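Asker: Sequence:
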Amino acid sequence: MELSHRITKEQAAKEPFPISILSLTVGAFAIGMTEFVIMGLLPNVANDLHVSISSAGQLITMYALGVAIGAPILTVLTHRIPQKKLLCLLMILFILGNGISVFAPSYAILMGARMITALTHGTFFGVGAVIASNLVRPDKRAGAVSIMMAGLTIANIIGVPLGTFIGQHMGWRSSFGAIAIMGIIALIGILIFIPHIRNDKPASIVKQISALIKPKLLLYLLIGALGNAGLFAVFTYITPLLVQVTGFAEHSVTWILVLFGCGVTIGNIVGGKLADWKLMPSILGLYFTICVLLTLFTFTIHSPIAAVVTIFLWGAASFAVFPGLQVRIMSLAQAAPALASTSSHSAGNLGNAAGAFIGGWVITHLAITALPWVGAVLVGLALILGFACYLAERKPANA
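Here the sequence shown stands for residues 0 to 398, where the numbers follow numbering that gives the first Met the number 0.
Accuracy of the hints is not assured; some may be wrong.
[Unchecked claim] Between beta-carbon pairs, the in silico distance windows are: (1) ASN46 - LYS213: 27 to 33 Å; (2) ALA248 - LEU76: 47 to 53 Å; (3) LYS215 - SER105: 44 to 50 Å; (4) PRO81 - SER173: 34 to 40 Å; (5) THR60 - GLN243: 20 to 26 Å; (6) VAL244 - ASN46: 27 to 33 Å; (7) PHE102 - VAL291: 44 to 50 Å; (8) ILE367 - SER54: 43 to 49 Å.
Rather than coming from a laboratory, the hints here were simulated on the basis of the structure.
Here the structure is a predicted model, which is why all the values come from computation and not from measurement.
Quick reminder that beta carbons are idealized off the backbone N, C-alpha and C, glycines included.
Please put together the full structure from these sequences, using the hints given.
Answerer: Here you go:
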């Protein structure tokens with residue numbers, strides 16, 4: 000049943016925030032669930048498939064690598080497919096991957112299913128961000144991207160705890176079954192509500208890659224990776240930090256992470272509005288705020304109330320920067336916005352992996368209490384690079 004119609008970008012931009020963006024939010028919610036729910040089900044998966052916990056953990060690592068490496072390649076190979084059709088194909092692939100996970104008889108087949116779903120992750124967000132920004136007025140682009148990305152943040156608050164609960168009470172395969180159903184709902188929403196936007200003739204693969212490897216754009220990808228590294232250097236080890244240093248009971252950490260997720264969701268929406276107001280000043284201001292909060296966290300981690308307040312504000316600021324950075328990267332690669340947007344997710348996932356590795360090194364060679372200020376240093380590097388880019392861009396304008 001197809002209710003959508005073919006429209007131009009100008010016609011699409013008449014509404015401030017069309018309901019069609021919400022179908023992208025549902026898709027983002029499903030993808031967020033499939034990425035993170037496995038973390039709470041590792042013991043169940045390991046026991047059922049007769050592998051060690053560390054081997055089961057590779058299901059997370061390989062997913063991140065699948066997003067980082069596979070997504071840009073898939074985006075390049077599918078660049079001639081109309082955006083709405085591509086979104087539908089990605090959701091079908093996503094449903095297939097999670098469906099295979101439900102019935103996977105072995106670890107190897109489950110790993111293959113995870114890799115299939117990983118391929119859809121970055122490309123969905125890349126193409127989805129382009130569609131969302133084309134459905135609204137130019138001054139609402141970052142806000143539109145933030146509404147789509149809200150699905151990912153809401154998945155951390157509602158989807159992951161719900162998926163973990165289902166998996167622990169009905170078997171881990173049931174969690175992937177629930178995610179596949181969410182994928183079907185998202186697919187129906189895309190079919191009905193996403194319009195056919197008449198796009199310009201797609202650029203060739205050579206032109207897209209040329210647009211991507213501009214030094215300035217690569218710098219912004221590095222900025223995003225450094226920001227994510229600072230986030231995950233601390234967030235990966237937030238449970239041992241709160242239990243060993245702050246003194247919280249392990250069951251209390253779940254509720255603190257829910258509060259962190261609420262901060263993430265609020266920050267994501269506010270960050271979109273800030274970026275629509277003043278793009279680069281908001282990005283730089285948010286990175287500065289994150290540096291300050293992580294530095295303060297070095298001290299507030301010893302106080303339960305202060306630690307919880309800091310975590311909430313840190314989550315809000317860390318995710319508030321994403322919509323603006325996404326729009327900035329897309330604007331720097333006008334010939335290949337989808338590839339640039341997808342590459343920003345790839346760079347972010349590489350930053351996630353690097354941050355987790357750096358955090359592990361810090362715990363081994365320094366101390367677990369050093370994690371917050373090390374995270375602040377990594378985000379500080381992102382801030383310095385961003386400020387240098389901003390000054391370089393302002394010089395020609397002033398001249």
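Asker: If a hint holds in the structure, say so; if it doesn't, say that too.
Answerer: Against the structure, the hints come out as follows:
no. : hint                        : result
1   : ASN46 - LYS213: 27 to 33 Å  : violated (49 Å)
2   : ALA248 - LEU76: 47 to 53 Å  : holds (49 Å)
3   : LYS215 - SER105: 44 to 50 Å : holds (46 Å)
4   : PRO81 - SER173: 34 to 40 Å  : holds (35 Å)
5   : THR60 - GLN243: 20 to 26 Å  : holds (24 Å)
6   : VAL244 - ASN46: 27 to 33 Å  : holds (31 Å)
7   : PHE102 - VAL291: 44 to 50 Å : holds (49 Å)
8   : ILE367 - SER54: 43 to 49 Å  : violated (25 Å)
Comparing the model with each numbered hint stated earlier shows that hints 1, 8 do not hold.
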